[in-house]
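*Asks:* Please build the complex by placing chain A on the supplied structure of chain S, with the hints as guidance.
Sequence lines, in order, name chains S and A. Take 1 as the starting number for the first sequence in our numbering and just add one per residue. Take 1001 as the starting number for the second sequence in our numbering and just add one per residue.
No lab work stands behind these hints, which were simulated from the structure alone. Be careful, since some hints might not be right.
No farther apart than 25 angstroms at their CA atoms in a straight line, the calculated lysine to aspartate or glutamate pairs in the DMTMM-like style are these [claimed, not checked]:
| id | chain 1 | residue 1 | chain 2 | residue 2 |
| --- | --- | --- | --- | --- |
| 1 | S | 166 | A | 1070 |
| 2 | A | 1038 | S | 145 |
| 3 | S | 45 | S | 145 |
| 4 | S | 25 | A | 1194 |
| 5 | A | 1038 | A | 1021 |
| 6 | A | 1163 | S | 83 |
| 7 | S | 6 | S | 136 |
| 8 | A | 1037 | A | 1197 |
| 9 | S | 25 | A | 1197 |
| 10 | A | 1122 | A | 1043 |
| 11 | A | 1163 | A | 1145 |
| 12 | A | 1068 | S | 83 |
| 13 | A | 1160 | S | 83 |
| 14 | S | 6 | S | 83 |
| 15 | A | 1068 | A | 1092 |
| 16 | S | 166 | A | 1197 |
| 17 | A | 1195 | A | 1092 |
| 18 | A | 1037 | S | 83 |
| 19 | A | 1195 | A | 1070 |
| 20 | A | 1160 | A | 1070 |
| 21 | A | 1038 | A | 1194 |
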Amino acid sequence: MSHDLKTARNQGFISCHTCHLLCRKAGTDAIMICPRCGSRLHQRKPNSTKRTWALVLAAFIFYIPANVLPITTVTSLGIAQSDTIMSGVLYFIKTGMWPIALVIFVASIFVPLIKLLILGFLLITVQRKSSWRQKDRTRLYRITEVVGRWSMVDIFVVTILVALVKLGALASIQAQAGAIFFCAVVVITLFAAMSFDPRLIWDTKESLNE
Amino acid sequence: MGSLIACHDCDLIQRLPHLTEPGTVQCIRCGAVLHQKKRNSIERTLSLTLAGLVLFGLANSFPFLAFKLEAQVRQTTLLTGIQELYAQGMPELSIIVLLTTVLAPLAQMLCMLYIVLPLTFKRIPLALPHVFRLLRRLQPWSMMEVFMVGILVSVVKLSKMAKIVPGIALFSFLALIFILAALTASLDSHLIWEKWENRR
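For reference, chain S alone in the conformation it holds in the complex (with noise of 0.2 angstroms):
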């Protein structure tokens, strides 16, 4: 199907990332700008794979600590209490909240692990290549970019908790180191996914050769 498709990049074109306006490619290696918004002009974003394995690897590596230390620690009447993000969706379900248990599960573990195997299957493709299902990878690209900020939650949680409950001796929550590793696979999956160029899934051994 994408013999007789023209694509900017089989044409010679190149599409401004801000404004969307067409514009015919110069030389092989010079530096182009937008004549209408002035963007640096990329056919591609600038070494979109390998950029997005090194984000997904790191995002990967801060996910075990993220998951096995604790985010938070309560201390009441003198006793303290770690939670991590499992513990905490077990206490959910054991008290009767399942509803809110599965929004965190899904939130805070399930999204981010998809996230990243979404991102890294997307690479695997991508590098080989493939015209497989183009435009259900597309989709798949889509989801991951919309749906990633919704891990944030778990971290809002712990901000409101940090400020609700300071009541000296009574009761007292503070953020642990598990809360940092966590942010920061939400914020390099959220980088990850945007410097994935979903250009390239279209990029196929066939368009290419044209």
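*Replies:* Relative to chain S, chain A alone:
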């Protein structure tokens, strides 16, 4: 006849039809949204931005949530948690929370105001492309709707332990989320670029 553009998701060159009625144009190959034509885009964006700024002021100056345990009451504003995280030796966390719930939404609205206020008076703002680019960069970091879910979870979590009293700021905040969502959808970027291109 409309202009030729390349899809931002799959790079396919296609002719963008010139819309006279509000509607959406999707890429014929991958389904990406290429253009959304809105009715009165600029006026609508301006009014939403002004409403958003007022609500933002309210949300940040009134008590947000109060926590009652026996005789003790603790009142908080939106910024309390951010200060508290900083005081607990977590500056990284507090900066991220400050950015995503206060700075990014505020900067987003100010950029919008900078773009659409002159346009309503048929003037073209200086350095419009820079401000527009900044606006696009900020958008992924503005996470007020996610913060709202965070509030919901925290309230449920603490409801067994103590009494939680919602404040004025909470309601302003709730309204602000809808305003922000409508705001991001209301700006017609093609229209802005057309005006910039024909500025002389």
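*Asks:* With the threshold set at 25 angstroms, check whether the alpha-carbon distance from residue 1037 of chain A to residue 1197 of chain A stays at or below it.
*Replies:* 18 angstroms, holds
*Asks:* Straight-line Cα separation of residue 1195 of chain A and residue 1092 of chain A no greater than 25 angstroms?
*Replies:* 41 angstroms, violated
*Asks:* Against the 25 angstroms threshold, does the CA-CA distance of residue 1038 of chain A and residue 1194 of chain A hold or violate the hint?
*Replies:* Judged against 25 angstroms, a Cα distance of about 15 angstroms means the pair holds.
*Asks:* Does residue 1070 of chain A lie within 25 angstroms of residue 1160 of chain A when you go C-alpha to C-alpha?
*Replies:* Since the Cα atoms of residue 1160 of chain A and residue 1070 of chain A sit roughly 13 angstroms apart, the hinted pair holds (cutoff 25 angstroms).
*Asks:* Compare the distance between the alpha carbons of residue 1068 of chain A and residue 83 of chain S with 25 angstroms, and conclude whether the hinted pair is satisfied.
*Replies:* 23 angstroms, holds
*Asks:* Please verify whether residue 1038 of chain A and residue 145 of chain S have alpha carbons no more than 25 angstroms apart.
*Replies:* 24 angstroms, holds
*Asks:* For a C-alpha distance cap of 25 angstroms, please report whether residue 1122 of chain A and residue 1043 of chain A respect it.
*Replies:* With Cα atoms ~12 angstroms apart, residue 1122 of chain A and residue 1043 of chain A stay inside 25 angstroms; holds.
*Asks:* Checking one constraint from the list: CA of residue 166 of chain S to CA of residue 1197 of chain A, max 25 angstroms. Satisfied?
*Replies:* Answer violated: residue 166 of chain S to residue 1197 of chain A is near 55 angstroms, above 25 angstroms.
*Asks:* Below or equal to 25 angstroms on CA atoms is what counts here, so check residue 1195 of chain A against residue 1070 of chain A.
*Replies:* 61 angstroms, violated
*Asks:* Within 25 angstroms, alpha carbon to alpha carbon, are residue 1037 of chain A and residue 83 of chain S?
*Replies:* 48 angstroms, violated
*Asks:* For the pair we were handed, residue 1160 of chain A and residue 83 of chain S, check the Cα-Cα distance against 25 angstroms.
*Replies:* The hint holds at about 17 angstroms.
*Asks:* For the pair supplied as a hint, residue 1163 of chain A and residue 83 of chain S, confirm whether the alpha-carbon distance does not exceed 25 angstroms.
*Replies:* 22 angstroms, holds
Consistency with the previously given hints fails for numbers 14, 15, 16, 17, 18 and 19, ordered from lowest to highest.
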